[in-house]
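With the hints as constraints, model all of the structure from the sequences given.
Okay, so the first sequence: first residue is 580 according to this note's numbering, each after it adds one.
No wet-lab data here; the hints were simulated from the structure.
All C-beta atoms in this analysis are idealised placements derived from N, C-alpha and C, irrespective of residue type, glycine included.
Among the hints, a few may not be true.
Across the chosen pairs, the derived CB separations fall in these ranges [as the list claims (entries may be wrong)]:
no., residue 1, residue 2, range
1, Lys-951, Arg-599, 26 to 36 Å
2, Gln-600, Glu-1018, 26 to 36 Å
3, Pro-629, Ser-942, 33 to 43 Å
4, Asp-990, Asp-598, 38 to 48 Å
5, Leu-680, Gln-742, 35 to 45 Å
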Amino acid sequence: MIKEKKIKPSKELPLGFVDRQEKELLIRDFIISKIKEVMIKYGFQYLETPSFEYSDSIGKFLPDKERPDQGVFSFKDENKWLSLRYDLTAPLARYVAKNYLEIPKPFKRYQLGTVWRNEKPGPGRFREFLQFDADYVGTKNLQADAELCVMISEILEKCGLSQSDYVIKISSRKITESLFKKINLEDDNQKLTILRALDKIDRLGWVAVKQLLGEGRKDKSGDFTKGAKLSSDSIEILEKELKKKTPSSEDLNEILKIFKNYNFQNFEFDPSIVRGLEYYTGVIFEVNLKFDVKNIKGQSIQFGSIGGGGRYDNLVKNFGDYDAPATGISIGLDRLVYALIQKKEFKIKKSKPIVICVFNKESMKEYISLQKILRDASISTEIYPGENKLKKQMEYANKIKSPAVILYGDDEIKSGKPTLRDLTTGKEKSIEIKELVNEIKKII
RNA sequence: GCAGCAGUAGCUCAGUUGGUUAGAGCACUAGUUUGUGGAACUAGGGGUCGGUGGUUCGAAUCCACCCUGCUGUACCA
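Now the structure itself:
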């Protein structure tokens, strides 16, 4: 410990930002490897775009265009506003608009990247997180939308989830639009309020949602949320229509047929899902986990979906002359990892290094030659990084969960037979150098 | 943003109606063993008791404001 008490820099992290440790990262890497495997099979191209974009290229859909810092992290560079991307879809639209003439049509791309949101963090929700996106740009064919659902389902199962662990909910923006017509609703703000209310059926139930559609609702903490102020007649019509369990729009009927062709069944029609409010134009889907997720304190929490997507036919058009209908899906990888860690035990092989103990510096040449033999055999190995006494070295090996240490002191060097100590059993063996690799492979 | 609850050592927490120098367990460091880890024993380091201001002879304890965290809610392109 440092004793001086000067002005110390803070060890705390900014709100919503976290250090991620090896255990989590290895599981994340595992998931990424599964994703890549599946993406290649489905014929998607890999793309990377920068973390920053000009605010107006990704800010077309900001609620408040005058303030680019609303929800995003931005700064002014020279005279232009830059923002950290808040998703991978807006940059894709920008990329397609920029490279329209060169790229294949339709354009299928997948992307893994960090995104940043200036919002309140929650359990498993941060202000910086890794997202995975797959999109089809330049086709109206609903086969694309269907295939995204099938594909995401394959990824989840490759990650170890079974059909009962998750469900893909589907709906269409067209259904809500027709509902608004039915109750003669024109006001866009009111429409938004209704969509937001409907989005909460899962979480709050119909009783609360009806309050939100009407005058408003007071929640557990005593906070009051203003409602959409619909008449009770209109609310009743909405409820009746939304409780129908069969889709009433053409696009959904079409997609159901395609699912049949794929023999895909793990979906559920749910007209209450909403997703991005102004962004989507047609089919929308949401990936929901069905198992219980807990926070650090072991309390069950409201986890919500780990991702979703849908059809956004107008996004590319906003950039200029090209009109490219598109559909895509995104998954929050950190959230998926957070949930997955609780669901199942991951046995991810990560070989910890064999530690070669240091007796004296003069023998370093011998230690290094042993180390080279092991490393050449692809065995993770290190010479103890320091000059402590043996006890410390053993404690270190134990702490990093090393499977074994090699003792190669003067006696061993003289006889040419290092001692191998298995740290799980505590047993020691004197071994010929040429047998060392084989013996170690038995242990690890 | 709004609301409820919380903040004492690296972690988990105790701290009586306000009363000397603020405690425990785990972790850490050193030793018992200068060539042997996971156990035990001994010793040790580490806290402006979230911050600031106030009440008081005296505050971790009471009051005000602020900060941070958790949970709910709102927003979430």
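Structure-based check of each hint:
1. Lys-951 / Arg-599: 26 to 36 Å: holds (33 Å)
2. Gln-600 / Glu-1018: 26 to 36 Å: The hinted range 26 to 36 Å holds for Gln-600 and Glu-1018, with Cβ atoms some 32 Å apart.
3. Pro-629 / Ser-942: 33 to 43 Å: The hint (33 to 43 Å, Cβ to Cβ) is violated, given that Pro-629 and Ser-942 are roughly 50 Å apart.
4. Asp-990 / Asp-598: 38 to 48 Å: holds (44 Å)
5. Leu-680 / Gln-742: 35 to 45 Å: holds (43 Å)
The structure fails to meet hint 3 from the earlier list, while all remaining hints are met.
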